[in-house]
Amino acid sequence: MNFPDTEKNPLRNWRFLIIYVAIAVVFGFFLFRLFSLQIINSGDLVAQAIENRTDVINIAAPRGTITDRNGYVLARNVPSYNLVITPANLPGTLPNTINGALPGPIQDIYRKLSDLVGIPVSNGMMNEDTVKNFTPCATDLGITQIVYIADTNWPYQATRIKCNIDEKTALIIQEKSADWPGVGVEVDPVRDYPTGWLTSEIIGFLGPIPAGQEDAYTAKKLVSNRDKVGFAGVEATLQDVLSGTNGEQDVEKDAAGQVMQDIGPLTSPVPGLNVQLTIDTRLQSAAKAAIIHDLDFWNANSIEPISTKAVVIALNPKTGEILALASYPTYENNRMARIIPQTYYEQLQSDPDKPMFDYAISGEFPPGSVYKMATALGILNEGVVTPDYQIEDPGKITLLQKFYEGDPGIPQDYVCWKPEGHGMVDYLHGIAFSCDVYFYKVGGGYGTEVPKGLGILRADEYAKALGYGKPTGIELPGEASGLVPTPDWKRLTIGENWATGDTYIATIGQGYVLATPLQVLESIATIANDGKYMQPTLVKDYQNSEGNTVQSFQPKQLWDITKDPMITEYDANDQPVYDLDANGNYQQEVDANGKPMFDAYGEPIYKTKKKTVAPWVINLAKEGMRMVVTDGTAEVPFDGMAIQSAGKTGTAEYCDDIARTKNLCSPGNWPAHAWYVGYAPYDNPEIAVVAFIYNGKEGSLVAAPIVRKVMEAYFELKKIDTSQGTTSETP
Amino acid sequence: MKGLTWRHFDFWLFGVVVFLSIFGIAMIRSAIAGSIGLVDQVNRQMIWVGIGLVVILLTAVIDYHYWASLIRPMYLITFLLLVFIFVAGQARFGAARWLEAGSILIQPSELGKIVIILALADYFARNQDKPHDLRWIARSLLLTGGIAIWVFLQPNLSTTIVIMVLWFSMLWISGLKLKYLLLFILLAIVVAGLAYPLLQPYQKARIANFLFPDPNARHGDTYNVDQALITIGSGGWFGMGYGHGSQVQLRFLKVRHTDFIFSAMAEEFGFVGTVFIVGLLIFVILRCLRAGRLASDTFGGLIAYGFAVLIFFQTAVNIGVNLSLIPVTGLTLPFVSYGGSSLLSLVLGIGMVESVILRHKPLDF
Chain A
1 MNFPDTEKNP
11 LRNWRFLIIY
21 VAIAVVFGFF
31 LFRLFSLQII
41 NSGDLVAQAI
51 ENRTDVINIA
61 APRGTITDRN
71 GYVLARNVPS
81 YNLVITPANL
91 PGTLPNTING
101 ALPGPIQDIY
111 RKLSDLVGIP
121 VSNGMMNEDT
131 VKNFTPCATD
141 LGITQIVYIA
151 DTNWPYQATR
161 IKCNIDEKTA
171 LIIQEKSADW
181 PGVGVEVDPV
191 RDYPTGWLTS
201 EIIGFLGPIP
211 AGQEDAYTAK
221 KLVSNRDKVG
231 FAGVEATLQD
241 VLSGTNGEQD
251 VEKDAAGQVM
261 QDIGPLTSPV
271 PGLNVQLTID
281 TRLQSAAKAA
291 IIHDLDFWNA
301 NSIEPISTKA
311 VVIALNPKTG
321 EILALASYPT
331 YENNRMARII
341 PQTYYEQLQS
351 DPDKPMFDYA
361 ISGEFPPGSV
371 YKMATALGIL
381 NEGVVTPDYQ
391 IEDPGKITLL
401 QKFYEGDPGI
411 PQDYVCWKPE
421 GHGMVDYLHG
431 IAFSCDVYFY
441 KVGGGYGTEV
451 PKGLGILRAD
461 EYAKALGYGK
471 PTGIELPGEA
481 SGLVPTPDWK
491 RLTIGENWAT
501 GDTYIATIGQ
511 GYVLATPLQV
521 LESIATIAND
531 GKYMQPTLVK
541 DYQNSEGNTV
551 QSFQPKQLWD
561 ITKDPMITEY
571 DANDQPVYDL
581 DANGNYQQEV
591 DANGKPMFDA
601 YGEPIYKTKK
611 KTVAPWVINL
621 AKEGMRMVVT
631 DGTAEVPFDG
641 MAIQSAGKTG
651 TAEYCDDIAR
661 TKNLCSPGNW
671 PAHAWYVGYA
681 PYDNPEIAVV
691 AFIYNGKEGS
701 LVAAPIVRKV
711 MEAYFELKKI
721 DTSQGTTSET
731 P
Chain B
1 MKGLTWRHFD
11 FWLFGVVVFL
21 SIFGIAMIRS
31 AIAGSIGLVD
41 QVNRQMIWVG
51 IGLVVILLTA
61 VIDYHYWASL
71 IRPMYLITFL
81 LLVFIFVAGQ
91 ARFGAARWLE
101 AGSILIQPSE
111 LGKIVIILAL
121 ADYFARNQDK
131 PHDLRWIARS
141 LLLTGGIAIW
151 VFLQPNLSTT
161 IVIMVLWFSM
171 LWISGLKLKY
181 LLLFILLAIV
191 VAGLAYPLLQ
201 PYQKARIANF
211 LFPDPNARHG
221 DTYNVDQALI
231 TIGSGGWFGM
241 GYGHGSQVQL
251 RFLKVRHTDF
261 IFSAMAEEFG
271 FVGTVFIVGL
281 LIFVILRCLR
291 AGRLASDTFG
301 GLIAYGFAVL
311 IFFQTAVNIG
321 VNLSLIPVTG
331 LTLPFVSYGG
341 SSLLSLVLGI
351 GMVESVILRH
361 KPLDF
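Protein chains in written order, with this note's numbering: chain A, 1 to 731; chain B, 1 to 365.
In case anyone wonders, no lab produced these hints; they're calculated from the structure.
Check the hints yourself; a few may be wrong.
[Stated by the list, open to error] With a straight-line Cα cutoff of 30 Å, these simulated DSSO-like cross-link-like pairs (lysine-lysine) come out: (1) A:Lys-452 to A:Lys-563; (2) A:Lys-221 to A:Lys-176; (3) B:Lys-130 to B:Lys-179; (4) A:Lys-132 to B:Lys-254; (5) B:Lys-254 to A:Lys-253; (6) A:Lys-563 to A:Lys-595; (7) A:Lys-402 to A:Lys-354; (8) A:Lys-318 to A:Lys-132; (9) A:Lys-132 to B:Lys-204.
[Said to hold, decoys possible] Restraint ranges, calculated between C-beta atoms of paired labels, are given here: (10) B:Ile-51 to A:Gly-184: 20 to 28 Å; (11) A:Glu-128 to B:Leu-76: 25 to 33 Å; (12) B:Lys-254 to A:Gln-347: 47 to 55 Å; (13) B:Tyr-242 to A:Gly-104: 50 to 58 Å; (14) B:Ile-149 to A:Gly-28: 51 to 59 Å; (15) A:Asn-123 to B:Pro-201: 43 to 51 Å; (16) B:Val-61 to A:Trp-14: 30 to 38 Å; (17) B:Val-165 to A:Thr-93: 35 to 43 Å; (18) A:Gly-184 to B:Val-165: 49 to 57 Å; (19) B:Gly-175 to A:Glu-128: 42 to 50 Å; (20) A:Asp-55 to B:Val-61: 55 to 63 Å; (21) B:Val-61 to A:Asp-262: 36 to 44 Å.
[What the hints assert, rightly or not] Negatives, chain B to chain A, calculated, CB over 12 Å: (22) Ile-36; (23) Val-54; (24) Arg-139; (25) Trp-172; (26) Leu-187; (27) Arg-206; (28) Met-240; (29) Leu-281; (30) Ile-282; (31) Leu-286.
Here the structure is a predicted model, which is why all the values come from computation and not from measurement.
In this text, a Cβ means the ideal position worked out from N, Cα and C, and glycines have one as well.
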């Protein structure tokens with residue numbers, strides 16, 4: 001062939017130069033960009049690369065168990081078995097689409113698993129929503145669908161196919177897992193409460209980490225959607241003690257999430273501490289049985305059921321250890337073990353008796369006559385009357401209701417619970433008969449008979465000294481503080497002046513006074529313990545996983561009203577006596593943290609002179625309470641009891657929403673709660689018990705027998721323990 | 001063939017191409033990062049490179065003028081293949097681009113690039129002395145469009161753009177008048193505006209993703225590009241070492257052995273290594289342009305020039321994608337990325353360039 005070879009080549013001109021320029025510009029810019037990425041800004045990108053490939057594996061720490069004072073298990077962990085599949089380890093390659101054909105061996109495995117655990121091989125429509133809403137254990141998708149979702153998102157993670165399979169099936173699957181690669185059984189600890197509803201108001205239950213508290217719990221190394229936290233009871237208050245500390249291991253993982261290797265040392269999980277409570281389950285059982293039996297009796301023998309709510313608390317007045325704490329009705333915490341079932345939870349929420357509400361510590365009720373013991377301490381200690389001074393109870397007195405100094409007043413009748421009256425009454429009989437008129441007269445003053453009553457300000461001092469008006473600090477969530485009303489409180493809250501009548505009814509525990517059953521019990525326990533207020537507690541000790549005690553709780557005396565000056569002194573004009581410094585200046589009161597304190601109006605609170613309660617006053621109050629049982633309002637229910645006890649009845653009139661709808665809130669028609677609080681043995685108290693029956697009508701009739709049953713159960717148990725020599729330490 | 005002497009064979013060009021191809025095999029071996037599904041690809045690429053070297057030498061031996069007589073049948077065959085693919089091609093990644101011949105997949109659009117270079121080189125060489133008017137332009141466009149339209153309909157936007165760039169670069173070097181250039185730019189803007197609604201959703205999504213990246217879409221659509229940047233950034237001056245790039249070996253970087261092999265290389269060999277490899281690619285482009293300048297006739301010159309532009313454009317687009325400067329296109333890094341069809345068309349081009357340089361009239365006799 002002959003080709004022309006002298007053609008003019010167009011490639012030797014300025015147009016060609018432009019091409020070189022274009023190459024230079026493009027690659028020059030690339031060079032600059034590459035330099036900026038790899039050298040100048042590499043730090044941020046390297047950090048992202050490290051974040052990509054590192055992960056922290058969180059190793060769950062076992063939660064501590066809860067036992068009663070005798071080692072009886074109240075909360076433990078039991079294994080629950082879940083069927084899991086790790087998609088990447090299945091024999092064969094999974095199809096890329098949901099409808100793709102599965103390899104034969106995988107089909108075979110799915111079929112056999114379906115027969116074993118009862119989940120269909122294939123079920124449910126797949127779309128964006130089902131994938132997004134997929135939650136293991138709570139799905140009706142088939143095995144194929146679940147594995148497909150898992151394979152797409154986390155192929156190297158074991159995904160739960162069916163939760164809580166029985167142990168036998170779990171063993172079968174475990175045996176076959178050698179032939180079924182990718183299939184396994186995961187053992188997951190689940191909380192179990194052997195005593196269930198008997199102790200649920202004390203133990204509580206667990207639930208998933210709430211979204212709002214996720215950050216706080218994550219900071220404590222807990223994992224959302226895996227670890228559970230306490231929602232109620234000591235499970236909630238002792239969460240940090242029980243949960244322990246999860247372990248951690250830094251690992252390198254690939255893009256699919258498969259762990260390649262460990263980085264750095266393992267931080268081992270620290271198991272949660274086992275908690276031993278002060279509760280005696282047998283006494284708890286006796287208390288609940290007494291409530292249920294007596295409520296059944298009264299409801300069956302009344303025209304309409306009188307009550308469905310009651311509380312019994314028993315504690316050792318010398319140590320503050322709570323032996324039983326029953327709030328009725330309550331709930332079955334085992335039903336919350338795995339998940340919180342929506343229907344059951346809604347049922348509990350809509351129950352008018354509010355079973356999830358702990359009446360023992362969260363319920364605030366008028367304490368009624370049991371509150372008279374605070375007034376009783378006050379009148380002797382302040383010298384309002386002498387113990388022998390007799391006051392007349394005609395059954396009804398008329399007093400002037402005055403709202404301010406110089407108010408002419410409106411005459412108002414105040415009646416004793418016994419319409420014909422108790423006649424001439426001294427201090428001990430005033431307590432024994434729970435004589436209302438006696439306490440009206442000494443509390444608010446009455447003509448020339450009692451020229452100057454105790455007064456609300458002084459009365460409040462004695463109530464507060466017995467622990468009324470503030471939470472006791474027991475290890476349970478949601479404790480209420482109760483209310484010790486003052487004239488300031490009434491002006492600020494209700495917008496009215498304190499009336500003379502308010503004082504009369506406050507001194508007998510009616511009107512604005514509110515208290516929790518635990519506060520009522522503590523007030524009497526303090527008197528029984530000669531004025532020493534013991535911190536009420538549910539916790540005996542903490543033990544580590546080997547069973548060694550790591551922290552033992554010693555009885556904690558918060559104050560002694562006979563030694564610690566707690567009662568503010570008031571002068572003849574009811575003005576506080578201030579504690580002036582050496583220069584005659586007021587000294588501002590400081591709180592526990594050393595911060596200056598201010599009152600509700602923002603005015604500084606100044607230090608006042610304070611005094612103690614004389615021991616003889618307490619002894620007389622105890623004598624009065626002994627007379628309640630021997631000759632007074634509780635004589636009948638405690639008749640023939642082998643062990644000497646003392647106590648105080650209470651019948652507290654109330655008006656709440658339930659009573660108002662029944663149109664009961666009118667004079668002479670008031671509904672009433674039944675109270676009884678007592679302790680035994682009288683000379684050396686071991687146990688103090690309070691019983692509260694909502695709408696129980698009559699303390700001596702309804703509440704006192706329950707207290708007697710619990711006391712008798714206590715001494716019976718003590719006898720058994722002593723004879724068996726098993727008693728560790730009798731309270 | 002008489003008197004053919006290997007004295008003018010461009011050993012530098014050949015040597016660098018061989019080096020890049022072998023480096024590519026090594027890089028692919030690292031980039032598959034233990035994926036069982038990809039292990040085969042290293043061996044396949046080795047076979048392709050072996051075939052490629054033979055193809056270069058064979059093509060170099062054949063006088064490039066023979067191709068001129070084969071342009072018509074080649075154009076026709078390519079045209080028919082593309083039409084066939086459009087009508088009955090198998091769906092692959094949403095686009096029908098492959099023809100299955102035995103166990104080898106042939107991508108006719110790759111063939112289309114070579115045919116277009118040859119056809120345009122022939123057209124502009126023959127019409128060198130005709131007036132460079134609109135008619136001259138329109139006929140070249142028609143020639144290009146006959147192939148490009150079918151590639152576009154596959155749909156394969158990136159190869160369409162490559163073909164159109166080849167056409168424009170040929171037009172430019174053959175003496176496109178500046179007034180027409182301005183007209184073209186105006187026209188291009190109008191066409192781009194009109195054509196956008198006709199693009200496939202995934203093509204639109206890619207463009208939208210690039211122009212307006214969603215800052216929250218860490219694992220979404222910007223994942224590949226973000227990971228590429230992280231991968232490049234991890235490289236530093238000297239890289240993490242061959243087989244030790246964490247982004248590559250732990251597979252955070254996707255399509256590591258094809259589209260994003262540049263990023264993989266940047267992580268494992270660092271700034272220095274990457275600049276060296278890019279330098280070699282630039283060297284290949286410059287050697288092709290040199291062949292074009294030295295060619296003894298316009299046809300040969302335009303062939304060499306055309307392949308230089310092809311390699312330059314593909315390299316630039318691929319690196320631009322890796323550096324997150326332009327939208328993801330699917331163009332591979334010449335000689336280095338995995339892919340038989342792509343490599344075959346490139347070595348054919350190199351062979352032709354060698355054929356051109358072998359037959360140039362040196363000035364030194």
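Hint by hint, here is what the structure shows:
{"no.": "1", "hint": "A:Lys-452 to A:Lys-563", "in the structure": "27 Å, holds"}
{"no.": "2", "hint": "A:Lys-221 to A:Lys-176", "in the structure": "35 Å, violated"}
{"no.": "3", "hint": "B:Lys-130 to B:Lys-179", "in the structure": "18 Å, holds"}
{"no.": "4", "hint": "A:Lys-132 to B:Lys-254", "in the structure": "24 Å, holds"}
{"no.": "5", "hint": "B:Lys-254 to A:Lys-253", "in the structure": "16 Å, holds"}
{"no.": "6", "hint": "A:Lys-563 to A:Lys-595", "in the structure": "25 Å, holds"}
{"no.": "7", "hint": "A:Lys-402 to A:Lys-354", "in the structure": "40 Å, violated"}
{"no.": "8", "hint": "A:Lys-318 to A:Lys-132", "in the structure": "58 Å, violated"}
{"no.": "9", "hint": "A:Lys-132 to B:Lys-204", "in the structure": "26 Å, holds"}
{"no.": "10", "hint": "B:Ile-51 to A:Gly-184: 20 to 28 Å", "in the structure": "48 Å, violated"}
{"no.": "11", "hint": "A:Glu-128 to B:Leu-76: 25 to 33 Å", "in the structure": "48 Å, violated"}
{"no.": "12", "hint": "B:Lys-254 to A:Gln-347: 47 to 55 Å", "in the structure": "51 Å, holds"}
{"no.": "13", "hint": "B:Tyr-242 to A:Gly-104: 50 to 58 Å", "in the structure": "40 Å, violated"}
{"no.": "14", "hint": "B:Ile-149 to A:Gly-28: 51 to 59 Å", "in the structure": "35 Å, violated"}
{"no.": "15", "hint": "A:Asn-123 to B:Pro-201: 43 to 51 Å", "in the structure": "32 Å, violated"}
{"no.": "16", "hint": "B:Val-61 to A:Trp-14: 30 to 38 Å", "in the structure": "35 Å, holds"}
{"no.": "17", "hint": "B:Val-165 to A:Thr-93: 35 to 43 Å", "in the structure": "40 Å, holds"}
{"no.": "18", "hint": "A:Gly-184 to B:Val-165: 49 to 57 Å", "in the structure": "56 Å, holds"}
{"no.": "19", "hint": "B:Gly-175 to A:Glu-128: 42 to 50 Å", "in the structure": "56 Å, violated"}
{"no.": "20", "hint": "A:Asp-55 to B:Val-61: 55 to 63 Å", "in the structure": "57 Å, holds"}
{"no.": "21", "hint": "B:Val-61 to A:Asp-262: 36 to 44 Å", "in the structure": "59 Å, violated"}
{"no.": "22", "hint": "Ile-36", "in the structure": "9 Å, violated"}
{"no.": "23", "hint": "Val-54", "in the structure": "25 Å, holds"}
{"no.": "24", "hint": "Arg-139", "in the structure": "18 Å, holds"}
{"no.": "25", "hint": "Trp-172", "in the structure": "6 Å, violated"}
{"no.": "26", "hint": "Leu-187", "in the structure": "20 Å, holds"}
{"no.": "27", "hint": "Arg-206", "in the structure": "20 Å, holds"}
{"no.": "28", "hint": "Met-240", "in the structure": "9 Å, violated"}
{"no.": "29", "hint": "Leu-281", "in the structure": "9 Å, violated"}
{"no.": "30", "hint": "Ile-282", "in the structure": "6 Å, violated"}
{"no.": "31", "hint": "Leu-286", "in the structure": "8 Å, violated"}
When the structure is compared with the earlier hints, violations turn up for hints 2, 7, 8, 10, 11, 13, 14, 15, 19, 21, 22, 25, 28, 29, 30 and 31 and for no others.
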